[in-house]
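With chain A held as given, fit chain B with the ligand onto it using these hints.
For the record, the sequence lines run as chains A and B. Taking the UniProt record's numbering, the leading residue of the first sequence gets 1, the next gets one more, and so forth. Taking the UniProt record's numbering, the leading residue of the second sequence gets 1, the next gets one more, and so forth.
By construction, these hints were calculated from the structure, which means they are not laboratory data. One should not assume that every hint holds.
[What the hints assert, rightly or not] Calculated lysine to aspartate or glutamate pairs in the DMTMM-like style (CA-CA distance at most 25 Å, straight line): (1) A:K185 / B:D35; (2) B:K52 / B:E151; (3) A:K143 / A:D242; (4) A:K185 / B:D23; (5) B:K52 / A:E68; (6) B:K183 / A:E45; (7) A:K249 / A:D158; (8) B:K52 / B:D41; (9) B:K10 / A:E68; (10) A:K149 / A:D138; (11) B:K183 / A:D52; (12) A:K185 / B:D38; (13) B:K123 / A:E68; (14) A:K185 / A:D110; (15) B:K123 / A:D52; (16) B:K123 / A:D15; (17) A:K185 / B:E151.
[Said to hold, decoys possible] Take a look, some chain B residues computed to stay more than 10 Å from chain A by CB distance: (18) R15; (19) S56; (20) Y57; (21) A68; (22) G154; (23) E180.
By construction, the Cβ of each residue, glycine as well, lies at the ideal position given by its N, Cα and C atoms.
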Amino acid sequence: MTCDEARILLHALLDNELDAGHAREVEAHIAGCPGCAAELAAQREMQRVLADTNLRYTAPASLRARIEASLPEPQRQPSRRSVLRGFAMGSAVSALAATGIVAIVLRQDDQQRILSEVVSAHLRSLQAGHLTDVISTDQHTVKPWFNGKLDVAPPVIDLTAQGFTLVGGRLDYIDARAIGAVVYKRRQHVINLFVSQTSSTEHRPPKTQTMQGFNCRRWGERGLNFWAVSDIGADELAEFVDKFETAMKANVEG
Amino acid sequence: MPPTSDDPDKARRFREAALPHLDDVYTLARYLLRDASDAEDAVQECYLRALKHFDSYRGPAMKPWLFAILRNVCNAEYARRAHRPSALEDTPGAAEQTPIWQESEASPETEVLRSRDAGAIRKLIEALAEPFKETFVLREINNLSYREIAETVGAPIGTVMSRLARARALLRAAWTAEEEQAK
Ligand SMILES: [Zn+2]
Numbered sequence: 001m002t003c004d005e006a007r008i009l010l011h012a013l014l015d016n017e018l019d020a021g022h023a024r025e026v027e028a029h030i031a032g033c034p035g036c037a038a039e040l041a042a043q044r045e046m047q048r049v050l051a052d053t054n055l056r057y058t059a060p061a062s063l064r065a066r067i068e069a070s071l072p073e074p075q076r077q078p079s080r081r082s083v084l085r086g087f088a089m090g091s092a093v094s095a096l097a098a099t100g101i102v103a104i105v106l107r108q109d110d111q112q113r114i115l116s117e118v119v120s121a122h123l124r125s126l127q128a129g130h131l132t133d134v135i136s137t138d139q140h141t142v143k144p145w146f147n148g149k150l151d152v153a154p155p156v157i158d159l160t161a162q163g164f165t166l167v168g169g170r171l172d173y174i175d176a177r178a179i180g181a182v183v184y185k186r187r188q189h190v191i192n193l194f195v196s197q198t199s200s201t202e203h204r205p206p207k208t209q210t211m212q213g214f215n216c217r218r219w220g221e222r223g224l225n226f227w228a229v230s231d232i233g234a235d236e237l238a239e240f241v242d243k244f245e246t247a248m249k250a251n252v253e254g
Numbered sequence: 001m002p003p004t005s006d007d008p009d010k011a012r013r014f015r016e017a018a019l020p021h022l023d024d025v026y027t028l029a030r031y032l033l034r035d036a037s038d039a040e041d042a043v044q045e046c047y048l049r050a051l052k053h054f055d056s057y058r059g060p061a062m063k064p065w066l067f068a069i070l071r072n073v074c075n076a077e078y079a080r081r082a083h084r085p086s087a088l089e090d091t092p093g094a095a096e097q098t099p100i101w102q103e104s105e106a107s108p109e110t111e112v113l114r115s116r117d118a119g120a121i122r123k124l125i126e127a128l129a130e131p132f133k134e135t136f137v138l139r140e141i142n143n144l145s146y147r148e149i150a151e152t153v154g155a156p157i158g159t160v161m162s163r164l165a166r167a168r169a170l171l172r173a174a175w176t177a178e179e180e181q182a183k
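So here's chain B without its partners, still in its complex pose:
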């Protein structure tokens, strides 16, 4: 039911400010939740909450603000999926222990990544552990600056930088491992 008492002008301003980011918000939700219909529900909930708090919105930029709300919604969803591990706030176990980089025995020439179809790459990204996945998606797919990522996830920029480095190292390792298997 639409809240009828709301100021129509507020609704118009919200629509103009928030709706252009719908694809961005949905993209982040798809990667975080790995499920199309859960992502839809989360995005709808995110927009409902954003509208509710729109009066008190003073920044940051609209996109990071929506992302921050979506993260909270997704965390609640993770809590609901009790059987599924790796809530965004959880400290990652094994992934945190993985070294950021490993010396590869292969020469740089043989390491050139082959182009893959988008679906295969999306799967590799989806499989990344948190909080590396969200950092990676915010930077590489949603094009946020380090500062915006830090604001969105509520972590210092130094933490964002090391998470991003680890995320990319993990992704490249998974990618080359798949190519090794394919050979």
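Isolated chain A (complex conformation):
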């Protein structure tokens, strides 16, 4: 066996990939060749150091969710809408309408649909180059950017001092309407804050829901609907919403 051959085969020896006959041949060469013996020792040492090092990456939760979202549902539950369609076939629908149940069912269904649109918009934004239309950590740059693009510009509040960095803004579409998205980062995690106008001025307290592995906290305030979506934990997202609400109140009153 030549040294050239041995320098290739010693790796197969290290990896336990040689049959007994070839292993003996390589070992016999190494026993009589200091150069190849030193190479084997050095490679064994490197393999040891590598084995002690974490060289693997963990797929981000958002990637897992994106892939999950692209798979067909394991068992497709009939949606409220298709249940309603089933009702509509029969005569029960008029009775239901009379009791107002149809309206309630539809409203919940709409909220679920909008929530899923919000999460989809969040997912889209995570794709390369889709996160922001205007990139700035300065609220006085981001806020005017929305003017004229939307009926009502979303409140843009810098929360960097509170641990949530403003990174920019974007126009998005939810429920077939253009809405503003204000983008924040917490460490490497993106938070999209979607803001849309609503006819209702009542205060709706924040509520967290989970969809496709993302936390979504939504609330209503001063004629605006808010959805904050991120893969950060529910408690951190609640903290974000608290900080945002406190700062918004201060802005309005100050």
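The following block gives chain B with the ligand in isolation, referenced to the frame of chain A:
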């Protein structure tokens, strides 16, 4: 949009077979593409293609099969990055000419590699030329057997062996060179 006409049972089988390997596939993508967001896009595309071809899947093992699909996706990405060299299929130039081994003047004692932080070692691996890098990552990080690597990259086992030997020699040379500089 999820393909609604698909058999839910197929989706369930695919999920159980393919999703446990997500970290492995993502790890390979990170090393091949050297960019987190490109890697995410490639892995997502890989899983979409895998689902599409899942009906005709008869083996090899799931992990090498996913890796083979990911390689194709990454090759397409390399083709798209026209300004970046070294597509996986390219015959490497300078790296191929580097001898697998060089006699070192240092004695074996002084050659003992110092432990480095994972980030520094990942960078050294990322910087390896193809096709040595993919061979190295498939073996050393993804724990594929030589036969599985051969199936994944579509090369004979002898080629896998010589690429792996060269990959390790290149890595060790880069590693010791960095330590020399650090002195
Ligand atoms: Zn020798």
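Hint by hint, here is what the structure shows:
1. A distance of roughly 19 Å separates the Cα atoms of K185 (chain A) and D35 (chain B); the hinted pair therefore holds under the 25 Å criterion.
2. Of the supplied pair hints, the one linking K52 (chain B) and E151 (chain B) holds, its CA atoms being roughly 20 Å apart against a limit of 25 Å.
3. Straight-line distance between C-alpha atoms of K143 (chain A) and D242 (chain A) comes to about 21 Å, which keeps the hinted pair within the 25 Å bound.
4. Between K185 (chain A) and D23 (chain B) the alpha-carbon distance is near 24 Å, which keeps this suggested pair within the 25 Å criterion.
5. Taking the CA atoms of K52 (chain B) and E68 (chain A), the gap is near 14 Å; set against the 25 Å cutoff, the hint holds.
6. A C-alpha spacing of about 20 Å is found between K183 (chain B) and E45 (chain A), which places the hinted pair at or below 25 Å, so the restraint holds.
7. Among the hinted pairs, K249 (chain A) with D158 (chain A) is consistent with the structure: their alpha-carbon atoms are about 13 Å apart, no more than 25 Å.
8. A distance of roughly 17 Å separates the Cα atoms of K52 (chain B) and D41 (chain B); the hinted pair therefore holds under the 25 Å criterion.
9. For the suggested pair K10 (chain B) and E68 (chain A), the alpha carbons sit about 14 Å apart, so the restraint of at most 25 Å is met.
10. About 19 Å separates the Cα atoms of K149 (chain A) and D138 (chain A), which keeps this hinted pair within 25 Å; it holds.
11. Proposed proximity of K183 (chain B) and D52 (chain A) is supported: the alpha carbons are some 23 Å apart, at most 25 Å.
12. Using a Cα cut-off of 25 Å, the hinted pair K185 (chain A) and D38 (chain B) holds, with the two alpha carbons roughly 20 Å apart.
13. Between K123 (chain B) and E68 (chain A), the direct Cα distance comes to roughly 30 Å. Violation of the 25 Å bound is thereby established for this hinted pair.
14. About 29 Å separates the Cα atoms of K185 (chain A) and D110 (chain A), which puts this hinted pair outside 25 Å; it is violated.
15. Taking the CA atoms of K123 (chain B) and D52 (chain A), the gap is near 16 Å; set against the 25 Å cutoff, the hint holds.
16. With a C-alpha separation of about 23 Å, the suggested pair K123 (chain B) and D15 (chain A) falls inside the 25 Å cut-off, and the hint holds.
17. For a cut-off of 25 Å, the pair hint linking K185 (chain A) to E151 (chain B) is broken: about 42 Å separates their Cα positions.
18. Residue placement check: R15 (chain B) does not keep its beta carbon more than 10 Å from all beta carbons of chain A (closest about 6 Å).
19. For S56 (chain B), the condition that its CB be more than 10 Å from all CB atoms of chain A holds, with the nearest at approximately 18 Å.
20. Every CB of chain A is more than 10 Å from the CB of Y57 (chain B) (nearest about 15 Å), matching its label as outside the interface.
21. For A68 (chain B), the requirement that its beta carbon stay farther than 10 Å from each beta carbon of chain A is met, with the minimum near 18 Å.
22. Look at G154 (chain B): its CB is around 19 Å from the nearest CB on chain A, clear of 10 Å, so calling it non-interface holds up.
23. With a cut of 10 Å on Cβ distances, E180 (chain B) stays outside the contact zone with chain A, its closest approach being about 15 Å.
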